[in-house]
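Participant: Under the numbering used here, the residues of the sequence shown are numbered 3 to 299, in order.
The reader is advised that the hints may include incorrect statements.
The calculated BS3-like cross-link candidates involving lysine-lysine, where the alpha carbons are at most 25 Å apart (straight line), are [what the hints assert, rightly or not]:
1) LYS27 x LYS5
2) LYS27 x LYS60
3) LYS75 x LYS27
4) LYS60 x LYS35
Pairwise CB distance ranges (calculated) [to be verified]:
5) GLU145 x PRO8: 33 to 43 Å
6) ARG73 x MET3: 22 to 32 Å
7) ASN125 x LYS178: 36 to 46 Å
8) LEU250 x ALA182: 27 to 37 Å
9) ARG73 x LYS178: 43 to 53 Å
10) GLY223 x LYS178: 46 to 56 Å
11) THR18 x PRO207: 22 to 32 Å
12) PRO22 x PRO52: 20 to 30 Å
13) VAL254 x ALA172: 39 to 49 Å
14) GLU169 x GLY223: 37 to 47 Å
Just so you know, these hints were derived from the structure itself, not from any lab. Positions of the beta carbon are idealized from the N, C-alpha and C atoms, including for glycine.
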Amino acid sequence: MPKPIPAPREEGFTTTTGSPLYWAKYGSANSSKLLVLHGGPGADHLYLLPQMLHLGEKHDLLFYDQRGGGRSKSDARIPITWETHVEDLGAVVEEFGLEPLSIVGYSWGAMLALLYVIEQRANPHLRAPDRMALINPAPLTKEYRRQFEEEFARRQQSPEIVALRDELAASGLREKDPEAYRQRAFELGVAGYFSDPRNAADLTPFRVVGRVQQSVWESLGDFNLISNLEGINIPSLVVQGRDDPIPLASSVQAARALGTNLVVLDECGHVPYVEQPERLFAALDSFLDETNPTERS
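Given the sequences, and given the hints that come with them, work out the whole structure.
Facilitator: Here's what the structure looks like:
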């Protein structure tokens, strides 16, 4: 079962974004700042917790729910695009005075960090990151996204997961313990992301707002971010689980284009902070210690 999530040190809503965004701070207020970007699009930051709070042992962590997800409500009549998220990210950076700017992005959040960096080169009013840690980035081309969707669907129809769904349906748990049933149904709904489907039990449940997810992916069109990463000279780290349904080649090419290291975690799928936290945080801690902007200056 997922572990309890502690209350944030501070929380509130942004005042400079086009729509108010919920934010929460964890960790030490007197340490270096990290902006942590959750996945989705259309999800919220809570499913990164409590595991990602490990980073709060050394850093001041800022999370926010991206527009249209979690507690960051939006006008359903206005489509949310990747440009919307980049604009919101830029506003958050300015509102909280995040200088130097250190970003830790997970899944879609890693892709959002890259979209922001690409846009920043054309719009210098955006503050350039001083460093980026990219954890299991979302597929960075349209073709890799197609391959991911096929692989995830294949895994969800594997004999093991189908048998577990049938077992749940026949268990009578829906009537006996609706909350336990919802938890188990969630676990089986995300099992294909894991190297070992049993590890899904340790992931904090979340939901994705479908209309937000759809509008963001549609706004990207026939995208290929990798072709736009050449020449970006920002200290970066890319981490991916070897058993992620997202093609490893996507992260391999991204790391090569950024001229940085790729750490591949064995026996790990798309959620390394659940499946391989020790190895993930060893890589992140080392990178963050070595690239501390105050130490470089």
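Participant: Compare the structure with each hint and give your call.
Facilitator: Against the structure, the hints:
Distance check on the hinted pair: LYS27 and LYS5 sit about 19 Å apart at the alpha-carbon level, within 25 Å; holds. For the hint linking LYS27 to LYS60, the alpha-carbon distance of about 13 Å falls within 25 Å, and the restraint holds. This hinted pair checks out: LYS75 and LYS27 have alpha carbons roughly 19 Å apart, not beyond 25 Å. Taking the CA atoms of LYS60 and LYS35, the gap is about 9 Å. The hint holds against a cut of 25 Å.
For GLU145 and PRO8, the Cβ-Cβ distance of about 41 Å falls inside the hinted range of 33 to 43 Å, so the restraint holds. ARG73 and MET3 have their C-beta atoms about 23 Å apart, which keeps the hinted 22 to 32 Å range intact. About 55 Å separates the C-beta atoms of ASN125 and LYS178, a value inconsistent with the hinted range of 36 to 46 Å. Between LEU250 and ALA182 the Cβ separation comes to about 35 Å, which falls inside the hinted range of 27 to 37 Å.
For the pair ARG73 and LYS178, the supplied restraint of 43 to 53 Å is violated, since their beta-carbon distance comes to about 32 Å. Distance hint check: the CB atoms of GLY223 and LYS178 are about 47 Å apart, consistent with the given range 46 to 56 Å. A beta carbon spacing of about 31 Å between THR18 and PRO207 agrees with the range 22 to 32 Å that was offered as a hint. For the hinted restraint 20 to 30 Å between PRO22 and PRO52, the CB-CB distance of approximately 25 Å keeps it satisfied.
Look at VAL254 against ALA172: about 42 Å separates their beta carbons, and that is inside 39 to 49 Å. A C-beta distance of roughly 41 Å is found between GLU169 and GLY223, which places it inside the suggested range of 37 to 47 Å.
Against the hints set out earlier in the document, violations occur for numbers 7 and 9.
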